[in-house]
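**Q** What follows is each chain in one-letter form.
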Amino acid sequence: MSPEVKPDFLISPEGLRIDGRRPDEMRPIELKVGVLKQADGSASIRQGKTYIIAGVYGPRELHPRHLTLNDRAYLRVVYRMATFSVPDRKRPAPSRREREISMVIANSLKPALFLEEFPKSVVDVFIQVIQADGGTRCAAINAASLALADAGIPMRGLIPSVAVGKADGKLLVDLGDEEDKYGQGDVPMAIIPQTEEITLLQQDGSFTKEELVEAMRMGINSCKYLHELQKEALKRTYVRKPGDEGDEGYEDDLETDLGEAELMEDE
Amino acid sequence: MAVYFQKREVVVPGQLLAEGRYRSSFGTYDDEGKIFSSLVGLAELRGNTVKVVALEGSYIPKEGDLVIATINIVAGNNWKVNIGGPYGASLHANNALRRPYSDDISEYMDIGDVISAEIIAFDRNSGPFLGMKGRGLTVLTDGMVLEVSPAKIPRIIGRSGSMINMINDHLKIDTIVGQNGRIWIRAPSTEILRLAIKAFRTIETQAHTSRLTDRISSMLVEELEKIKGSVETKEEVQETAELPETEPESEPELDTEAEPVPAPESKTDSKEKPEPETPPEKKDTTVEVEAKKDEEKEEPTEEVSKNES
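Protein chains in written order, with the numbering used here: chain A, 1 to 267; chain B, 268 to 576.
Since the hints were made in silico from the structure, they are not lab data. Nothing here was measured: the structure is a model prediction, and the numbers come from that model. Check before you lean on any hint, since a few could be wrong.
In silico contact screen, one side only, chain B against chain A (beta carbon under 10 angstroms); selected entries [claimed, not checked]:
#1 SER305
#2 ILE387
#3 ARG391
#4 ILE494
Each residue gets a CB set at the ideal place from its N, CA and C atoms; glycine is no exception.
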């Protein structure tokens, strides 16, 4: 690996970024659901060169027992980077940074989950960064949210997440590695799209008030775009292939119980 | 007042399903009069109730569910039992045995035994409690246990048992379908057993496609023909394959949401099984059966423990 050199500029004279993107343009994103066989739910994300796999297990019995919460499930997120995920070998021991990001991801997913439906149990989310190229915590949230949906954990909605940053004095969406390293700061954020509630907002570097407000507006827009991609990825996995259906015939309905539904007609 | 989905459309969490005077039920949540999906699943409208049929998910016990369970621990007058999913269940001797029973309840059921039981109580504060008082709730001593996704169980049972009855009729097998995603199968021959497993696996992967019962039915007929053809060349297999079996009408007819109809298990040779309700005075038979059980039991036990790992 040749030593990294600081690029001469992050924004070209034409106003484009080093990888040729416009300031409000995201990297190409590829989302896949159900990539792991053993996990209850799983998803992978490729965002530029960043590649992350998330696996979800549970709700299942919680060990060690003393972590048990009596009114809801415990959400245990483990974010880990592979030794080969960065230019220098990452030391395999869990680092302080990994612990912190695990906590940050758990906190940004928690508001969307109906964990109170599974008291005393645990939902495990394992996130493995295969290749890191900036924006891993946001990409990890995107993937983890899909994996949780794939595992059948009830939730308010999918959580899209993106980082907005500043380089050469311009606000940029979805920072790449160099922009992150040599730029003047970044603001990772995650939202619940239906309500635009913000579940994650961090800041590194300095922003003026106007810049921050503008960065958040750009972030919300990009999150909404990401949310569409997430929905599309989920549906792609579950919608039956065209061809093996006669849409009319549901003679063998899997639903037998009409419950009170029909009695409540004029309520 | 508006509904924003087609019948049986695949919906994702956070998708707006309906607005106005609709009631939210399983798989949905209500936010100021708007109903959103909280799961990946198939949206359904029944009357004015919106629900989402889950496509994935682990087993959450419900009172009245029939489950297939493995005994983990014998603790005093309780058995601690694995029913899959996040919650371990317990089965009190009073709910399984007829009194008086011996102090050492491991005489009746011991670690590793596979049982069919009913959830008699479960709420947020007290973990699931099982009962074995219903008809057909016993220790399972032969056959095998197949694990499928618990979310697919309604499909395997079909509308008022249509799917499972069809499979039982075609293959002449005995089955107990537990709501916890475990299916007990007793088949007359290995070929038939494999075919049954194949059928259940097919249902599991194609659960949300239509006309599934018809397709499974024709698949079974076809495969049965093949088996018959091959058996004609090997006579000795034929004998076992055509062992007289029970009438399929007595099969468990389990409903997804139906009341606790504990599987009316077909009465084949169940007198031989160690009924947990065996009163102690009949101990000699129990002991005898115990020995027998040890040989026969191997298959279900192995299967279940494999799945735990």
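**Q** Run through the hints listed earlier and report the numbers of any the structure violates, in increasing order.
**A** Going through the list in order, the structure violates hints 2 and 4 and respects the others.
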